[in-house]
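J.: Each chain, written out:
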Amino acid sequence: MATSMTARSNQPARTKRPKPQLSYGKQILYQALLLLIAFVVMFPILWVVSLSLDPRNISRPTELNLIPPGASLTAYEKVLQQPTSNPVTFGQLALNSTKLGVGVALFSVAIGVSAAYVFSRFEIRGRRFLMLAVLTVLMLPSIGTIAPLFVMLNKIQIGATPADSLRNSLLGVGFSIISGALPFSIWNLKGYLDTIPRDLEEAARVDGATLNQTFLRIILPLAVPALAVTFFLGFLTGWTEFALSWQFLTRPSDFTLTMSLWNMTGQYASTTPWSQFSAMSLLVAAPVAIVYLALQKYIIGGLTLGSVK
Amino acid sequence: MASITSDRQAPPSGLRRWLNRTATTRTAWLYLLPAFLVMGIITFYPLFYEVWMSTTDYNIKNLRYDSPAPNRADQSDACTTNLKGECTWGLLENYHQIFTGDLPVAVANFSFWNVLAFDLVWTFTNVPVHVIIGVLIAVLLNVKGLWFKRFYRAIYILPMVLPSLVIAVVWKNMFDSQYGAINQLLSSVSHLFGGTPVTLRWLDQVDQPISFLPLTLSYFALLITNIWLGWPFMTIVATGALQSIPGDLYEAASIDGASSRQQFTSITVPLLQPAMIPAAVYGIVATFNLFNLIYLLSGGGPLRKTEILVTTAYRLVNEQRLYGTAAAFSVIIFFVLLGLTLLTNRLTKATERYDA
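Those protein sequence lines, which keep their order, are chains A and B. Once you know that position 87 of the first sequence is 87 in the numbering used here, the rest is easy, because the numbers rise by one and skip nothing. Once you know that position 187 of the second sequence is 1187 in the numbering used here, the rest is easy, because the numbers rise by one and skip nothing.
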């Protein structure tokens, strides 16, 4: 079969070992199939992009247009000024989402990595029990603890009026997210630390390095990619968090990007033109999607690390 | 450095020797301390609190910091009337109410069993499709001599990198019956064949599109979206596994006269299994708890027919404000998940043994 293929193709004959080649018929068939899949994948994305460029400020699109007539960025300008009827700018919303993202990421990586190191290396008494506890929490969906977190945080007053409870603040939402993000970050980092060979640590110990020195000077520098990925995944969790903030927060100055995006969708948004909704969707998605693409290799390596074992 | 520390002093005392011996262990505990201190307060304590809450009638009356504690079974004056006006408050009252659908606040179309059944149907119709499509596309992309592989790989990863929340709201608008892209696309296809415009009410039609299946059109809308969302992960896992299959196997098989279909079923499929089964297990748990997509796209509608366990628990907090009931519901979710995990683990183990 391979010979017939090479005979039919127009490859120069001087290559010694001809690569196995597809017949043109199959190549065209496969290309058509792959293009169809690419179209299905790109369809919603192209739809949002083209809607967001629509300058007419009409409430709803009436037909499919790849490039709307007179494409412009007016929808983006509108959204950047004030996306919803709530008196908050896009900047404030983005700042709140960033606070949640950075807070969750920093906190869960900073205190997660030392615990992950112990889980990965030391046979201390009770290790298995503690690891099981972390795993059990990981199994629970984050919505599963929303009731106790809500009522507990609601009883902690941080201001003069009854509305000023920890529940009604970004800090409270942040803690609630960390409640699930920290166990995840410990587990994710442990999986990565398990793959770092122990020879270096043993050599360091023979040279008389203490555990602190080994951890700070050997493990942490080697774990930088894993720390970066776990930091990003924590940031992603905070940036895209919706259920907790939607339930907890009532002051528009605390609102996040995801809450506003939901405010611009469906029943809440009969007055929001879809061009603005689309611009908002892309503005929420783009920053994390770009970083995800850049870190893709490391993230997917980490995700499959745990599962393929 | 080691020699300096070892001969610095006279023979150490017993306490010092013990301290030296346990130094590493103590440091290890110190390393665990911050994480477990924080988790103790914001992760484990709320879980225990949740179990306690699930035995009370915790509701909006008990919410303020100066409000009275909720009623419990062991209090003599604790008497909550249920919908029928009977005085019942046992330790497991919330659980009883959830299983019978007799909630303290009447909720239309509330049925735990329907939700559980739908959640299982939802999960076990999604994951096999993700795995099959994922593997087929991975195999297609792995064909030798195929053009533009890198281009396709770059595009196919996009559903994975976009936040699921954004995807859910975008598809919600795409499924709009009047202005949505899906109906407009279907209309233009139907127009080509001289048909009429398509005006499917994807998200709120109550009638079942297939009469013998108790699934609404919104279920199919969710399924389409989640397939779009879910297959790239399976393709990535399968691609990794495919690239680790030695090419000699296929060479040997083709020398022995195996057709490409035989090669697929007796080399590719069995060698993909060790990678795909854990990925499928991960997919099962993730799909079972897929809050964002269902809450934001169909909203569990119409008539709660596409509600899953986690969206129901969220509504008990967010809409009904029955915190005690929500706590009990979450405890039930925990046990359902435990059962699901044990079941999938058993399946994984069984297939492992079969392979060996």
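In case anyone wonders, no lab produced these hints; they're calculated from the structure. Don't be surprised by glycine CBs; every beta carbon is placed ideally from N, CA and C. Do not take every clue at face value.
Covered stretches of chain B (chain A as the covering partner; in silico rule of three or more C-beta atoms under 8 Å from a C-beta of chain A) [stated by the list, open to error]:
(1) 1109 to 1121
(2) 1155 to 1168
(3) 1337 to 1343
J.: Hints first: check each against the structure and report whether it holds.
T.: Evaluation of the provided hints:
Counting residues of the stretch 1109 to 1121 of chain B whose CB lies closer than 8 Å to any CB of chain A gives 0, which falls below the minimum of 3, so the coverage claim is violated. Restraint check on the stretch 1155 to 1168 of chain B versus chain A: 13 residues with Cβ-Cβ distances below 8 Å, three needed, restraint holds. Counting residues of the stretch 1337 to 1343 of chain B whose beta carbon lies closer than 8 Å to any beta carbon of chain A gives 3, which meets the minimum of three for the stated coverage.
Hint compliance for this structure: hint 1 alone is broken.
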